[in-house]
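Using the working numbering, read the sequence shown as starting at 1 and increasing by one per residue.
Calculated from the structure, these hints are not laboratory results.
One thing to keep in mind: the hints can contain errors.
[What the hints assert, rightly or not] With beta-carbon atoms standing in for the labels, derived distance ranges: (1) D158 / A51: 41 to 51 Å; (2) G254 / T215: 47 to 57 Å; (3) V180 / A151: 36 to 46 Å; (4) D158 / G217: 20 to 30 Å; (5) I105 / V53: 24 to 34 Å; (6) S248 / Q38: 37 to 47 Å.
Using N, Cα and C, we set each Cβ at its ideal position, and we do this for glycine too.
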Amino acid sequence: MDRPGFTASLVAGGVAGVSVDLILFPLDTIKTRLQSPQGFYKAGGFYGVYAGVPSTAIGSFPNAAAFFVTYEYVKWILHTDSSSYLMPVTHMLAASVGEVVACLIRVPSEVVKQRAQVSASSGTFHIFSNILCQEIPFSLVQFPLWESLKALWSWRQDHVVDSWQSAVCGAFAGGFAAAVTTPLDVAKTRIMLAKAGSSTASGNILSALHAVWRTQGLSGLFAGVFPRMAAISLGGFIFLGVYDQTRSFLLELGRESP
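Whole structure, please, built from the sequences with the hints as guidance.
Structure, rendered in structure tokens:
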């Protein structure tokens with residue numbers, strides 16, 4: 001990747017990350033409270049839905065920037081012909097590596113500190129691996145689907161998709177990925193909110209999933225699925241649309257500069 005492309009991906013990713021976090025923070029708060037074992041209203045209900053947003057917004061820029069720089073770079077390294085059946089594999093690998101790099105930045109963040117507080121015996125590597133177990137499955141679904149939808153739309157209209165079209169593809173990809181990975185998100189929430197010293201607080205995702213299934217069944221595993229789909233669909237629209245628009249603008253600006 002040339003320098004303008006590298007810089008554009010860095011800045012565009014950061015701008016996209018901050019944009020989506022600021023706009024969708026209340027929906028994420030509501031989704032988390034719906035998944036809380038103590039119940040929605042006891043967890044806070046609709047009160048204080050913006051609590052914690054400043055630290056989230058500050059942390060989102062470097063996290064999203066690192067993801068997209070890595071994602072674009074790995075795609076460039078593993079360049080595959082657009083007609084090849086290996087394209088989805090390339091996107092999966094790029095998204096996975098991007099999540100690993102982004103996680104390296106996320107680990108010292110306040111979110112991870114909170115997870116460590118409910119699981120004091122967990123070391124940094126344990127926390128790191130748990131985050132990856134939750135984030136990578138989502139990216140493995142979202143990004144290949146996003147790229148495939150863009151490619152299909154481009155083929156149908158015989159030219160590259162516009163930023164708003166990329167955003168629509170991002171909304172569909174995000175919503176679908178959100179639906180199929182909701183049980184992992186429920187497990188993550190239960191682990192974060194578990195009492196210190198409990199079996200759930202140990203951070204074992206399978207154990208947390210089993211506990212939810214045993215007590216609440218399928219409805220428990222998919223608790224908050226509709227707010228999660230709504231938030232992530234809208235998030236995908238904003239995140240990937242803003243990323244494409246900002247990156248295209250910066251690349252065009254770079255070409256026009258002497």
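Hint by hint, here is what the structure shows:
| no. | hint | in the structure |
| --- | --- | --- |
| 1 | D158 / A51: 41 to 51 Å | holds (48 Å) |
| 2 | G254 / T215: 47 to 57 Å | holds (55 Å) |
| 3 | V180 / A151: 36 to 46 Å | violated (21 Å) |
| 4 | D158 / G217: 20 to 30 Å | violated (48 Å) |
| 5 | I105 / V53: 24 to 34 Å | violated (19 Å) |
| 6 | S248 / Q38: 37 to 47 Å | holds (45 Å) |
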